[in-house]
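> Sequence lines, in order, name chains A and B. All residue numbers for the first sequence refer to my numbering, where the first residue is 1 and numbers rise by one. All residue numbers for the second sequence refer to my numbering, where the first residue is 1 and numbers rise by one.
Since the hints were derived computationally from the structure, they do not count as laboratory data. The beta-carbon is built from N, C-alpha and C at its ideal position, and this holds for glycine as well. Mixed in with the good hints there might be a few duds.
Covered stretches of chain B (chain A as the covering partner; in silico rule of three or more C-beta atoms under 8 Å from a C-beta of chain A) [said to hold, decoys possible]:
{"#": "1", "region": "47 to 61"}
{"#": "2", "region": "223 to 232"}
As a list, the in silico BS3-like pairs of lysine-lysine whose alpha-carbon atoms are at most 25 Å apart [what the hints assert, rightly or not]:
{"#": "3", "chain 1": "A", "residue 1": "K55", "chain 2": "B", "residue 2": "K133"}
{"#": "4", "chain 1": "B", "residue 1": "K269", "chain 2": "B", "residue 2": "K75"}
{"#": "5", "chain 1": "A", "residue 1": "K55", "chain 2": "A", "residue 2": "K208"}
{"#": "6", "chain 1": "A", "residue 1": "K74", "chain 2": "A", "residue 2": "K91"}
{"#": "7", "chain 1": "B", "residue 1": "K269", "chain 2": "B", "residue 2": "K190"}
{"#": "8", "chain 1": "B", "residue 1": "K269", "chain 2": "B", "residue 2": "K83"}
{"#": "9", "chain 1": "A", "residue 1": "K131", "chain 2": "A", "residue 2": "K110"}
{"#": "10", "chain 1": "B", "residue 1": "K133", "chain 2": "B", "residue 2": "K83"}
{"#": "11", "chain 1": "A", "residue 1": "K91", "chain 2": "B", "residue 2": "K133"}
{"#": "12", "chain 1": "A", "residue 1": "K131", "chain 2": "B", "residue 2": "K53"}
{"#": "13", "chain 1": "B", "residue 1": "K106", "chain 2": "B", "residue 2": "K190"}
{"#": "14", "chain 1": "B", "residue 1": "K222", "chain 2": "A", "residue 2": "K131"}
{"#": "15", "chain 1": "A", "residue 1": "K91", "chain 2": "A", "residue 2": "K55"}
{"#": "16", "chain 1": "B", "residue 1": "K125", "chain 2": "B", "residue 2": "K83"}
{"#": "17", "chain 1": "B", "residue 1": "K75", "chain 2": "B", "residue 2": "K133"}
{"#": "18", "chain 1": "B", "residue 1": "K300", "chain 2": "A", "residue 2": "K55"}
{"#": "19", "chain 1": "B", "residue 1": "K83", "chain 2": "B", "residue 2": "K190"}
{"#": "20", "chain 1": "B", "residue 1": "K106", "chain 2": "B", "residue 2": "K83"}
{"#": "21", "chain 1": "B", "residue 1": "K300", "chain 2": "A", "residue 2": "K91"}
{"#": "22", "chain 1": "B", "residue 1": "K300", "chain 2": "B", "residue 2": "K222"}
{"#": "23", "chain 1": "A", "residue 1": "K91", "chain 2": "B", "residue 2": "K222"}
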Amino acid sequence: MTAAISADGIRQRYGDVQAVDGVSLTVESGEFYGILGPNGAGKTTTLEILEGIRKPDEGRIELLGLAPWPRNPKLLRRIGVQFQASAFFNKLTARETIRTFGSFYGVGPKRADAMLERVGLTESAGVMTDKMSGGQAQRLSIACALVHDPELVFLDEPTTGLDPQARRNLWDLLRNINAEGRTVVLTTHYLDEAEVLCDRVSVMDHGKVLKTGAPAALIREIDDTVRISVESGLLTAERTRELLDAAGAEVTSVDDDGVSLAVATHLPAPVLSVLAEQNALRGLEVRGATLEDVFLQLTGREYRA
Amino acid sequence: MSAERTGSEAAAVPSQRTSGTAPSAPAGQPERERVSAFASLSRVMLVAFVRDKSAVFFVLLFPLMFLLLFGTLLKGATSPHAKVVQVGSVQVLDAVQGDGRAELEKVLAITRSDDEAGSLEKVRKGDVDALIKQGPDGRVELRFSAADQVRAGAVQGIVNSVVQQANQAATGKPPAFTLDAARVEDESLKPIQFLTPGLLGWAVATGAVFSASLTLVTWRRKMVLRRLRLAPVSAGAIVSSRIAVSVLTALAQTAIFLAVATTPFFGLKLTGNWWLIIPLVICATIAFMSIGLLAGAVAKTEEAANGISQIIVLPMSFLSGSFFPTDDMPGWLKAISEAMPLRHLVTASQSVLSRGGGVTDALPTMGGMLLFAAVITAIAWRFFRWDDA
Numbered sequence: 001m002t003a004a005i006s007a008d009g010i011r012q013r014y015g016d017v018q019a020v021d022g023v024s025l026t027v028e029s030g031e032f033y034g035i036l037g038p039n040g041a042g043k044t045t046t047l048e049i050l051e052g053i054r055k056p057d058e059g060r061i062e063l064l065g066l067a068p069w070p071r072n073p074k075l076l077r078r079i080g081v082q083f084q085a086s087a088f089f090n091k092l093t094a095r096e097t098i099r100t101f102g103s104f105y106g107v108g109p110k111r112a113d114a115m116l117e118r119v120g121l122t123e124s125a126g127v128m129t130d131k132m133s134g135g136q137a138q139r140l141s142i143a144c145a146l147v148h149d150p151e152l153v154f155l156d157e158p159t160t161g162l163d164p165q166a167r168r169n170l171w172d173l174l175r176n177i178n179a180e181g182r183t184v185v186l187t188t189h190y191l192d193e194a195e196v197l198c199d200r201v202s203v204m205d206h207g208k209v210l211k212t213g214a215p216a217a218l219i220r221e222i223d224d225t226v227r228i229s230v231e232s233g234l235l236t237a238e239r240t241r242e243l244l245d246a247a248g249a250e251v252t253s254v255d256d257d258g259v260s261l262a263v264a265t266h267l268p269a270p271v272l273s274v275l276a277e278q279n280a281l282r283g284l285e286v287r288g289a290t291l292e293d294v295f296l297q298l299t300g301r302e303y304r305a
Numbered sequence: 001m002s003a004e005r006t007g008s009e010a011a012a013v014p015s016q017r018t019s020g021t022a023p024s025a026p027a028g029q030p031e032r033e034r035v036s037a038f039a040s041l042s043r044v045m046l047v048a049f050v051r052d053k054s055a056v057f058f059v060l061l062f063p064l065m066f067l068l069l070f071g072t073l074l075k076g077a078t079s080p081h082a083k084v085v086q087v088g089s090v091q092v093l094d095a096v097q098g099d100g101r102a103e104l105e106k107v108l109a110i111t112r113s114d115d116e117a118g119s120l121e122k123v124r125k126g127d128v129d130a131l132i133k134q135g136p137d138g139r140v141e142l143r144f145s146a147a148d149q150v151r152a153g154a155v156q157g158i159v160n161s162v163v164q165q166a167n168q169a170a171t172g173k174p175p176a177f178t179l180d181a182a183r184v185e186d187e188s189l190k191p192i193q194f195l196t197p198g199l200l201g202w203a204v205a206t207g208a209v210f211s212a213s214l215t216l217v218t219w220r221r222k223m224v225l226r227r228l229r230l231a232p233v234s235a236g237a238i239v240s241s242r243i244a245v246s247v248l249t250a251l252a253q254t255a256i257f258l259a260v261a262t263t264p265f266f267g268l269k270l271t272g273n274w275w276l277i278i279p280l281v282i283c284a285t286i287a288f289m290s291i292g293l294l295a296g297a298v299a300k301t302e303e304a305a306n307g308i309s310q311i312i313v314l315p316m317s318f319l320s321g322s323f324f325p326t327d328d329m330p331g332w333l334k335a336i337s338e339a340m341p342l343r344h345l346v347t348a349s350q351s352v353l354s355r356g357g358g359v360t361d362a363l364p365t366m367g368g369m370l371l372f373a374a375v376i377t378a379i380a381w382r383f384f385r386w387d388d389a
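Extracted from the complex, chain A is given alone in its bound form:
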């Protein structure tokens, strides 16, 4: 069978910057695939090369078994793209916009309107695109990417700048798109998003893929410290440490920042029982490692552009 995407050894250089430095990845048909990385990691350039907007300096790419470069209209009918910023014609309403994009693929106005309904924009169909909220614009942008029923969909940071409600609604939409059998490739720097949505993720930095795998597998791979925290003031840090030592619980650290008393450990059970004995469980929170920890461990903590 043909993979939805197979890319091998892609390299792209802009002047002195090696934006993409030997990326290879395979996305299976029907998969929800995430590309994660800090700003400037090369996510968007990689996506642009996969989509066929850029010709890489080196490397071999196939989408649905076809080469995306040079431009191949037959392939373009089978893929849908959404950019970081919305690409809308000026002075058009949402309905006119989706119908226009539909017409490029031979999709009639009825099916275009149905897609608008699908993303919940029927009520805003008459609104000019430049008057839409961020969430509405993103949904319209995704609708425009999906109007022709593509098999493979590329989404570049679709939830950036959205409020929590809009993000959750968009997640539902993206899950449904994928559940219909479409392959979805998404870039994001929201780790929770990747954890919730993606079957597999690749973590990128400095133009390279650092790690690829299912989010849960990646999280298990890293040192799985559990962070237990309760309200500050129930026990002092010193007293807690004494109690934990007495109980023989192994802990990595005990901190009190004035709001919470936090204990980091590999074995949460003895710690929890000590805290329970002291009746110090008010405001209890137990937090395991997340994709964010994987990400930070892989990419470091320094600020990015």
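Using the hints, position chain B against chain A.
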């Protein structure tokens, strides 16, 4: 198309999918879709233009305001009729009858008066251009004011030719040389005759240059170009739809201009081949769009595209005689203006609209403008970028 996607793909996918129900691309005839991409892109641009109030104002109404303003201000400023008061009988004038009389009245409006002193005062005030009377010895006396020297010269010339003709006739011999005095005045332009093609040319140039440059820059900046590139839309559909909409706009400008200029108030008289203005305007629009394409290819922002377009259009309009005749321009400026398509549009439109010019006058101009478009488009293509990056 999904033949290669069947099989045991579901097993390879991390979580079980409803394989086999993968969406299929819509089937359709490429031919029909190309047409509809052209149609919908044209519609998009037309709608964007109509909804952009300032664009509509600058492209359609602003040039029309100039036509109304200049047309009214200059109305009758250089009417071909010189007004002459004839005092008493003037043999040489009275002798001209029949066809000759009609010819003469095309250029001279002759009124009769017996009040010589009063008429002379009128000449002095500029109410009439000259006074004519015959002295006792057959001398024709012409009294004119130097206030309008051009008009005075014209009157002198006409009357002199009439006198010469009378002299020649008196010899009883057929004339060895003849001069058709009426033709001179017919060839000179009434203000509306040069204002209409001039301002129309300026309007068409403004519309075409700005629409091409701003569409290109806006679409590039808003990533519409990139999006179109990832849709099965041909570059031909994009370019031809932009040309179609600009040509439509230019023809609308032409129709409005001609409708206003031919009203009795402005009095533009169209001659036989005036319809040639249509292919002329179409070719000129394509030439102007190539300039806009170049401006849009070079410019990174809408503001820059606006500035570059204005820097090209305004001087081109002045040099091409859009606002005033440029017969007195120095040779080197004339040479520059000859390189601009607007100059040729203005000249050719004057010719076909009101000087009876025909296909042979318009064809070389059209060819030249299309050649200009081809050269400038080729240059623009070297600067063209799909993306901002």
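> Mind checking the alpha carbons of K131 (chain A) and K110 (chain A) for me, to see if they're no more than 25 Å apart?
holds, 24 Å
> Tell me whether the statement that chain A covers the region 47 to 61 of chain B is true, taking a Cβ distance below 8 Å and needing three residues at minimum.
Holds: 4 residues of the region 47 to 61 of chain B have a Cβ under 8 Å from chain A.
> Does K208 (chain A) lie within 25 Å of K55 (chain A) when you go C-alpha to C-alpha?
holds, 18 Å
> Quick one, are K300 (chain B) and K222 (chain B) close enough, alpha carbons at most 25 Å?
Given that 25 Å is the threshold and the Cα spacing comes to 12 Å, the pair holds.
> Run the distance test for K91 (chain A) versus K133 (chain B): straight-line Cα separation, threshold 25 Å.
With Cα atoms ~71 Å apart, K91 (chain A) and K133 (chain B) exceed 25 Å; violated.
> Quickly compare the C-alpha distance for K269 (chain B) and K190 (chain B) to 25 Å and report which way the hint goes.
Satisfied, since the Cα-Cα distance of roughly 10 Å is no more than 25 Å.
> Taken at face value, is the distance from the CA of K133 (chain B) to the CA of K75 (chain B) at most 25 Å?
violated, 30 Å
> How does the region 223 to 232 of chain B fare against chain A when you require at least three residues with a CB closer than 8 Å, holds or violated?
Held - the region 223 to 232 of chain B has 9 residues with a Cβ nearer than 8 Å to chain A, which meets the minimum of three.
> Straight-line Cα separation of K269 (chain B) and K83 (chain B) no greater than 25 Å?
Measuring from Cα to Cα gives roughly 22 Å; hence the hint holds.
> For the pair supplied as a hint, K269 (chain B) and K75 (chain B), confirm whether the alpha-carbon distance does not exceed 25 Å.
Since the Cα atoms of K269 (chain B) and K75 (chain B) sit roughly 14 Å apart, the hinted pair holds (cutoff 25 Å).
> Take the C-alpha atoms of K106 (chain B) and K83 (chain B), compute the straight-line distance between them, and say whether it is at most 25 Å.
holds, 11 Å
> Would the pair K91 (chain A) and K55 (chain A) pass a check requiring their Cα atoms to be no farther apart than 25 Å?
violated, 32 Å
Of the hints listed earlier, those the structure fails to meet are numbers 3, 6, 11, 15, 17, in rising order.
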